[in-house]
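Here the protein sequences line up with chains H and A, keeping their order. Numbering (my numbering) for the first sequence: -2 to 307. Numbering (my numbering) for the second sequence: 211 to 627.
Among the hints, a few may not be true.
Said to hold, decoys possible - So the derived list for chain H, only partly shown, Cβ under 7 Å to chain A, looks like this:
no. : residue
1   : VAL152
2   : LYS154
3   : SER158
Said to hold, decoys possible - Keeping only pairs whose Cα atoms sit at most 30 Å apart, straight-line, the calculated DSSO-like set for lysine-lysine is:
no. : chain 1 : residue 1 : chain 2 : residue 2
4   : H       : LYS91     : A       : LYS538
5   : A       : LYS566    : H       : LYS91
6   : A       : LYS558    : H       : LYS91
7   : A       : LYS388    : A       : LYS307
8   : A       : LYS518    : A       : LYS274
9   : A       : LYS466    : A       : LYS307
10  : A       : LYS359    : A       : LYS290
11  : A       : LYS274    : A       : LYS538
12  : H       : LYS91     : A       : LYS586
13  : A       : LYS538    : A       : LYS589
14  : A       : LYS307    : A       : LYS586
15  : A       : LYS307    : A       : LYS336
Just so you know, the hints here were simulated from the structure itself, not pulled from any lab data. Computed from a predicted model, the values in this text were never measured in an experiment. All residues carry an ideal CB built from backbone N, CA and C; glycine is no exception.
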Amino acid sequence: MGTVFEFALVGDDPRYLQSAAEEAMEEVERLDRQLSLFNPTSDLSRINAAAAYEPVRLEPRLFRLLQRAQEFHRETEGAFDIATGALKSCWGFKEGTGRMPTPEELSRATENSGFHHVVLEERHRTVSFTHEGVALDLGAIGKGYAVDRAVDLLVEKGVESALLHGGGSTMYALGIPPDQPGWKVSLPGGQKVGGSRAYVSLTDRALSVSSDTYQSFESEETRFGHILDPRLGEPARAATSVTVLAPSATDSDALSTAFYVLGASRATQYCETHPLVAAVLETPEGRTVFVGQIGHESITAHSTHEEVEL
Amino acid sequence: MTEGLKINRRDFMKEAAATAAAFSLLLAEEDNARAQAGGESLLCGVIGVGVHGRELLTQLAGMKNAQVVAICDPYAPSIKKATEIAGEAATYDDYRKMLDQEKPIQAVLVATPLHLHTPACLESLKAGKHVFCEPPLGLTVDQCKELAKAASDSGKVFQVGHQRRSSPLYRHALNFIKNGLIGDMTHVRSQWHRNESWRKAAPNPEQEKLVNWRLYKESSGGLMAEYGSHQIDVVNWYTKSVPRSVVGIGGIDRWKDGREVYDNVQVIYEYPSGVKMVYTSILSNTHWSEFDEYIGTDGAIRISRQQKGLLFKEPEAIHMGWEELAHKEQVGDEQGIILDPNATRLVKPEEEAAVKAEIARSDFRRELEDFVSCIKEGKQPASTVSDGLRSSVAALKANEAMEKGTRVQLGEELFTF
């Protein structure tokens, strides 16, 4: 997945924790081999190479992940879409920091993008594409899924307290750290409460951040971020930074991208029907909007150096 | 690299003829009947569904012509995880029970702890199954030979999981070596380096040896068995020979946690042609991780992580026209020519889709597809039980050399059965 995963585990037996962490990391490495587009023989690369020509049979866990991605696509009315490999390539965000596509490139990529070109057939557990040029990219959900699988493994091993993150942008807080009510995580960028840096306290909850801080380019004095609006085929502009809290890292990872595309008002509607999801959005106008049952009481402003910085 | 090579090549030819005779009996009518009963799918049982066994299940679950109908493992958490992949398969905690009750199974894949490879494979062969077994064949040379004989006598397909044999890149590199691009091969350098404990989190002391079987000599051959056997097999394959002696030094240097197998092995094999293979595997550092380097008088081929091949030419070696056109990559002070098995492939437009899909398969997937097609078409696998015996004996004898602190001779009798 081209990123760094780090796990911090708390417990009495360091040797046991080391072993459990290694097993969890082994699972992340397995998923990297399976889901990465950097690996030319990953399952995802195989799907992209073959699914336009014949249905590709998938192992059950990967098939369920694609079904989950399909659900997010439906629930967010297309704001979350994993079938945007063609768009990502044409905007130069697949491997680089981006570039302005020609109108022809953009038109072709738009035609080849969108989950409506993807057919999931449950009985035979296959995926197929309606035509050539369609490509899946799990960049907006893969890290979260990997964090969740690592958490599942740690829980199975009896680990009760841990903080895991993938790429610094998606994390899961398992249990509580010693002598603390929760894992304190600083909200990114300019998200402040009363002029001080804002922290959120997490327990058995995931948090993901989407922003264009690290991958963007400028053209004719306009900044273009790497998060694309799949409905328009161009970089999304409804927010500048989004933090999502959710019960699982798969959810928070996918929804942080979706809310970045949807903006504060549609994110609010989503959270009204999904009470376990909450978010903090920075609008293009510089406002900080709290969405859903995030609970202002769990957001605190501290100036100590003990907290985990995201 | 001449005389020893010729003698060994003759042995190979004799053996190939014998194996071909056995394969003429391969697809008996009962196999055909079973294959038809199971439709297009080969009915499989998997014995041992730890991390590696589940990787086998993952690959099989993505194949249209294989169906896992039973899985077996005495460790309940492994079974639980495996059912996420093979949810419809019957579950067992004893492979003998599985073989007794699951008569329609046509093929068994063995990914157990090492000490169970031989008994699980022998029982499977006795039950009339085709077998896929991860290397080595057993914990001792005698076990390996017993299994090699039984597999050879059975007339069933027996494939050893040397996945590099199914790799287009390794086959491509072999063609280059055969065509003299690196001159006379004199030296091989291979390594498998990790920075991890190799220890699993056992839920209680009673299950320590079940979960951490890799750490104890009664069940494991350590790094040489788990990794070395795969990389030694390539040298056996490329040189068409087996090593005639081995020396080495090993130690438990990083993880002093009660384990019995080395976490640091440094071994040298000597091949009849004069080729020396330097093999190193450690659990304390990831620098360069995993690679195989085949070094000759005119150049060297380096394959990293089984994915990327680079050719480094000696300055005075004859340079070919295509080398100018090939993609290059700078590694330290040297420039390597990227070896791409598909770079010069001519593809008709109507075949492009199939070729793209074919290229995007992992070596792991390829070896299992090879296994299924060998059974269905009565072909000989890319990695036979004899290949397995050769890599197994070489790996196990390296452990003996390190333990005794002496050079161990590998006589021909060790590799025959």
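Next on the checklist: Quick check on the hint: VAL152/H CB to chain A CB, less than 7 Å?
Outcome noted: Given a least distance of 12 Å, the restraint on VAL152/H is violated.
Checklist entry - Do the numbers back the hint for LYS154/H, that is, is its least Cβ distance to chain A under 7 Å? => result With a minimum Cβ separation of about 5 Å from chain A (threshold 7 Å), the hint on LYS154/H holds.
Item to check | Pair hint outcome, LYS388/A versus LYS307/A [Cα-Cα no greater than 30 Å] | outcome: violated, 48 Å
Checklist entry - Taking 30 Å as the top limit, are the C-alpha atoms of LYS558/A and LYS91/H close enough? => result Holds, at about 28 Å.
Item to check | Straight-line alpha-carbon gap LYS566/A to LYS91/H, limit 30 Å | outcome: holds, 20 Å
Checklist entry - Does LYS586/A lie within 30 Å of LYS307/A when you go C-alpha to C-alpha? => result The given pair, whose Cα atoms are some 26 Å apart, holds under the 30 Å limit.
Next on the checklist: For LYS359/A and LYS290/A, compute the direct alpha-carbon distance and say whether it is at most 30 Å.
Outcome noted: The given pair, whose Cα atoms are some 35 Å apart, is violated under the 30 Å limit.
Checklist entry - Does the structure keep LYS518/A and LYS274/A at a Cα separation of 30 Å or less? => result holds, 29 Å
Checklist entry - Is the hinted pair LYS466/A and LYS307/A satisfied, with a Cα-Cα distance of at most 30 Å? => result violated, 38 Å
Checklist entry - Is the hinted pair LYS274/A and LYS538/A satisfied, with a Cα-Cα distance of at most 30 Å? => result Violated - the C-alpha atoms of LYS538/A and LYS274/A are around 38 Å apart, more than 30 Å.
Checklist entry - Keeping to a limit of 30 Å between CA atoms, is the pair of LYS91/H and LYS538/A held or broken? => result Since the Cα atoms of LYS91/H and LYS538/A sit roughly 22 Å apart, the hinted pair holds (cutoff 30 Å).
Checklist entry - Hey, LYS91/H versus LYS586/A, does the alpha-carbon distance stay inside 30 Å? => result violated, 41 Å
Going down the numbered hints, you'll see the structure goes against 1, 3, 7, 9, 10, 11, 12 and 13, while the others check out.
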